[in-house]
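Between the sequences and the hints, there should be enough to build the whole structure, so can you do that?
Those sequence lines, one after another, are chains R and Y. Residue numbers for the first sequence, in the numbering used here: 179 to 259. Residue numbers for the second sequence, in the numbering used here: 12 to 287.
One or more hints might be untrue.
[Said to hold, decoys possible] Quick look at which bits of chain Y chain R covers, simulated, 3 or more residues with Cβ under 8 Å:
1. 46-53
2. 178-190
3. 267-280
Derived from the structure by calculation, the hints contain no laboratory data. Predicted model only: the values in this text are computed from it and were never measured. Don't be surprised by glycine CBs; every beta carbon is placed ideally from N, CA and C.
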Amino acid sequence: MIWQLDLIILLMVVVCGVAAISIRDLLGAAIMFGAYSFMMCLLWSIMGAVDVSFTEASVGAGVSTVFFVAAVFRTTRRTSD
Amino acid sequence: MKRLGLVAVIIFGALLFSVSFELPDLGDAQSPASTHVSPYYIEHTLEDTSVPNIVTAILADYRGYDTLFETAVIFSAGLACFFLLRITGRKAPKARFYRHLPTGLTLRIEKGGRLPEESREFERIDSVWVPSDVIINMTCRLVVPFIQLFALYVIAHGHHSPGGGFQGGVIFGAALILFAISNNLRSSTRRLSERSSALLGSGGVLIYLGTGLLCILLGAGFLNYSGLSVLPGLDPVSARSHGILIVEIGVGIAVTAVMVWIYYNLASAGTQEEGL
Chain R
179 MIWQLDLIIL LMVVVCGVAA ISIRDLLGAA IMFGAYSFMM CLLWSIMGAV
229 DVSFTEASVG AGVSTVFFVA AVFRTTRRTS D
Chain Y
12 MKRLGLVAVI IFGALLFSVS FELPDLGDAQ SPASTHVSPY YIEHTLEDTS
62 VPNIVTAILA DYRGYDTLFE TAVIFSAGLA CFFLLRITGR KAPKARFYRH
112 LPTGLTLRIE KGGRLPEESR EFERIDSVWV PSDVIINMTC RLVVPFIQLF
162 ALYVIAHGHH SPGGGFQGGV IFGAALILFA ISNNLRSSTR RLSERSSALL
212 GSGGVLIYLG TGLLCILLGA GFLNYSGLSV LPGLDPVSAR SHGILIVEIG
262 VGIAVTAVMV WIYYNLASAG TQEEGL
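Given below as C-alpha cells:
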C-alpha cells in the first residue's frame with residue numbers, strides 16, 4: 179500500500195464530497211457526485227474489498243449518475259439555496 | 012437553519028472521529044471479527060459450497076435472507092418511482108413532432124390532429140431533437156453488445172471472481188440505458204417495454220423467493236440450497252453452488268429490469284413519450 183496514493187485519493191474524496199453539496203449548478207453537483215463515487219471505489223479496492231468496489235463503480239459512478247442527470251434534465255438546473 | 016446543520020455536522024463528525032480510534036485497525040488479526048467471525052467462513056466455505064469467492068457464498072448462501080430483501084428493496088425503489096411519476100404523469104403531450112425523412116421538414120401536430128403513425132416517410136422526434144451524430148450512434152451500437160456480454164460474464168463468473176447478480180444486473184441495465192440515450196426512448200421501449208420490465212423485475216424477485224420455497228418443499232430450511240440435492244445428479248455441496256447461481260440469475264434479472272424501469276420513468280418524467 180502506497181500511503182501517498184492513499185492520501186491523494188482521500189483528499190479527492192473530501193474535495194468531491196464538499197464540491198457536490200456546495201455547487202449551485204445541479205448538473206455539476208451530479209457529476210461531482212459521480213467523481214466522488216469513483217474515488218470511493220478506488221478506496222475500497224485499495225482496502226481489498228473488491229466486490230464492494232465493483233458495486234460502487236457500477237451503481238454509484240455509473241447508473242446513479244445517469245439517474246441524477248435524467249432528473250436534472252426533467253426538473254431544473256438551478257437550486258433555490 | 013443552515014448554521015444549525017453545520018454545527019450538528021461538526022459535533023457528530025468530531026464524535027465519530029474520536030470514536031474511530033477505538034475501532035480495530037484494518038486487517039488486525041486480534042480484532043473480534045477476525046478471531047470469531049471470519050475464520051469459520053474462510054475455513055469452511057469451500058467445503059460447504061465449493062464456491063471459491065467467499066463474498067459470493069456469504070451473500071447468496073449464508074446470508075441469503077439479507078440478499079433476498081435487498082433485491083426486494085431494489086424492486087420497491089422501482090415501484091416507488093412508478094407510483095410517484097407515472098400515475099401523475101400519464102397525460103399525452105400537447106404536441107408531437109414528426110420529421111419527414113425525404114425532405115427533412117419537421118411537422119408539429121397539435122393534440123387531436125391526425126398523426127402519420129404508420130407512414131414510413133415520417134419519423135417521430137423529440138421536442139428537443141438534434142440530428143443524430145454518426146460517430147456516437149455507431150460507437151454505442153458497437154459497444155452495447157460487448158457491455159451486455161460482460162454483464163452476463165459478471166453474473167455467471169461471480170462464483171470465482173468479484174461480481175455477481177447485483178453488479179452484472181446493473182451493468183446490463185446500464186447497457187440498455189446507453190442504448191436508450193444514444194437512440195431515443197421510444198426505440199428502447201419498443202425492445203423492452205415498461206410492462207415487461209416491471210414483470211421481469213417482479214419475476215426476478217420471485218425466482219429468488221421460489222428457490223427458497225423449493226428448498227422448503229424438498230425438506231430443507233428456507234434458502235438452504237442443500238435441500239436441492241434430492242434432484243438427480245446433485246450432491247449437497249454442488250447443490251449449494253447451483254442454488255447460488257440460480258439466485259444470482261434472479262437478482263440479475265430483477266436489477267436489470269428495475270434499473271431500466273427507473274430510467275424510463277425518470278428520463279420521461281413519467282409520460283414515457285420523450286427521453287433524454
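Structure-based check of all given hints:
Coverage of the stretch 46-53 of chain Y by chain R is violated. Counting CB-CB distances below 8 Å, 0 residues qualify, and the rule asks for three or more. Figure legend: the stretch 178-190 of chain Y, annotated as covered by chain R; annotation consistent (6 residues with Cβ-Cβ distances under 8 Å, at least 3 required). Closer than 8 Å: that is the beta-carbon criterion, and the stretch 267-280 of chain Y has 7 residues meeting it against chain R, so the requirement of 3 holds.
Hint check: a violation occurs at hint 1 only; the rest are consistent with the structure.
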